[in-house]
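S.K.: Each chain, letter by letter, is given below.
Number of protein chains: 2
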Amino acid sequence: MTTVGILGGTGPAGRGVAVRLASAGYEVAVGSRDAERAYEIASRLEPRGTGKVRGVSNSDAAKCDVVIVATPWESTLETLREIAGDLENKIVVSMVNAMQKQGREMQPVFPAAGSCAQEIAAVLPTSKIVTAFNHLPAAQMEDLDSGLDADVILSGSDNEAMAEVAVMVSAMPGLHAIEAGSLALAGTIEAFTSVCISVNIRNKAHSYVKLEGIAR
Amino acid sequence: MTTVGILGGTGPAGRGVAVRLASAGYEVAVGSRDAERAYEIASRLEPRGTGKVRGVSNSDAAKCDVVIVATPWESTLETLREIAGDLENKIVVSMVNAMQKQGREMQPVFPAAGSCAQEIAAVLPTSKIVTAFNHLPAAQMEDLDSGLDADVILSGSDNEAMAEVAVMVSAMPGLHAIEAGSLALAGTIEAFTSVCISVNIRNKAHSYVKLEGIAR
Chain A
1011 MTTVGILGGT GPAGRGVAVR LASAGYEVAV GSRDAERAYE IASRLEPRGT GKVRGVSNSD
1071 AAKCDVVIVA TPWESTLETL REIAGDLENK IVVSMVNAMQ KQGREMQPVF PAAGSCAQEI
1131 AAVLPTSKIV TAFNHLPAAQ MEDLDSGLDA DVILSGSDNE AMAEVAVMVS AMPGLHAIEA
1191 GSLALAGTIE AFTSVCISVN IRNKAHSYVK LEGIAR
Chain B
1011 MTTVGILGGT GPAGRGVAVR LASAGYEVAV GSRDAERAYE IASRLEPRGT GKVRGVSNSD
1071 AAKCDVVIVA TPWESTLETL REIAGDLENK IVVSMVNAMQ KQGREMQPVF PAAGSCAQEI
1131 AAVLPTSKIV TAFNHLPAAQ MEDLDSGLDA DVILSGSDNE AMAEVAVMVS AMPGLHAIEA
1191 GSLALAGTIE AFTSVCISVN IRNKAHSYVK LEGIAR
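Line order of the protein sequences matches chains A and B.
Each residue of the first sequence is one higher than the last, beginning at 1011 in this note's numbering.
Each residue of the second sequence is one higher than the last, beginning at 1011 in this note's numbering.
Just chain A, with the same shape it has in the complex (with noise of 0.2 Å):
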């Protein structure tokens, strides 16, 4: 069984897309530059009890098969360059968004490269870059109760990792993964996140991307 890695495992979007790997089978390392405060937030997530989901460092959940990034942007760049042996010719998922608030608004920031994947494919790179979980809300994400019903739009460097990840992530239960193109989309896709997070402080609301008319 394929074993996925979570870097920044232990903030509140890596926690929703453990959780929800676990729940489609997956083994789940979280990882956090904290070791021990990742076991202790890995033995609280659901599913519990069935050894899905362990804690680990980040420099061990970057050993699994596929590694997810979900650490801040701002120490993102530093995380991946401790670890890039470990990372060579993955499959490495990016959910990293560049943004800042500025009053009641969320607005993006697009780094140099043109998006933070981008940034994470010229630090590593024999990585297959593929951005994924970029959207979605956190809560909704961590609760397998809560009835999300969501798509998850991808770009990545290479199509076949592109579409291992889109299985992957039309395997977790709420989610369907849409294949949109290349990297250069991903500056686009992330900074749409502020826009989502903008319409709902708006509109006090927990909203969602989800495209109308596509086969699922």
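Because the hints were derived from the structure by calculation, they are not lab data.
Because the structure is a prediction, the values reported are computed rather than measured.
Relax, there's no trap hidden among the hints.
In silico EDC-like links for lysine to aspartate or glutamate, alpha-carbon gap of 16 Å or less: (1) B:Lys-1073 with B:Glu-1092; (2) A:Lys-1214 with B:Glu-1222; (3) B:Lys-1111 with B:Glu-1084; (4) B:Lys-1220 with A:Glu-1222; (5) B:Lys-1100 with B:Asp-1168; (6) A:Lys-1220 with B:Glu-1222; (7) B:Lys-1214 with A:Glu-1189; (8) A:Lys-1073 with A:Glu-1098; (9) A:Lys-1220 with B:Asp-1159; (10) B:Lys-1220 with A:Asp-1159; (11) B:Lys-1214 with A:Glu-1222; (12) A:Lys-1214 with B:Glu-1189.
Let chain A serve as the given structure and place chain B on it in line with the hints.
M.R.: Below, chain B alone, put in the same frame as chain A:
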């Protein structure tokens, strides 16, 4: 009753908006550089025989109460400069997107100001600029029987103007307006159109955006 002019309204995107505005009871002036062509196209648009859709020159369309910009990005600023006097202090709705095809994928292009809407705002400093209709599928928009049920995500330079546009959009059959925030979000909203088109090319679909979990 509010009159609405559509600059470049004879193109596929403008026609769909004209049809649904007229269907909601608005008096619509479909503008074109070629008034003859506008007259001919307007006479064929649904809802027929209601007298709600007229074909006119762009400069006549600019005299309406609210003006929608549906021109190709390449000719937008030149068109607006010619009729800027008629647009002073008015609500100007931009549905303009900048993008280019790369292989089988549509990729966003970012004008220097960050978005087409912000470029338009610089040319029309007294107008209230609101973005809308960016992600809509043209063919389904023009066909009132297509079953379209789409969200329209708005950004704007002025909250009151954005609220007025939201009322207009939600009055149109099959559309629901959702306010996102300031024009700092316009570039991302515009660019997301290329993600939607790329999704549709890759998945042979005619999908459009809907946000789940928001009150309607």
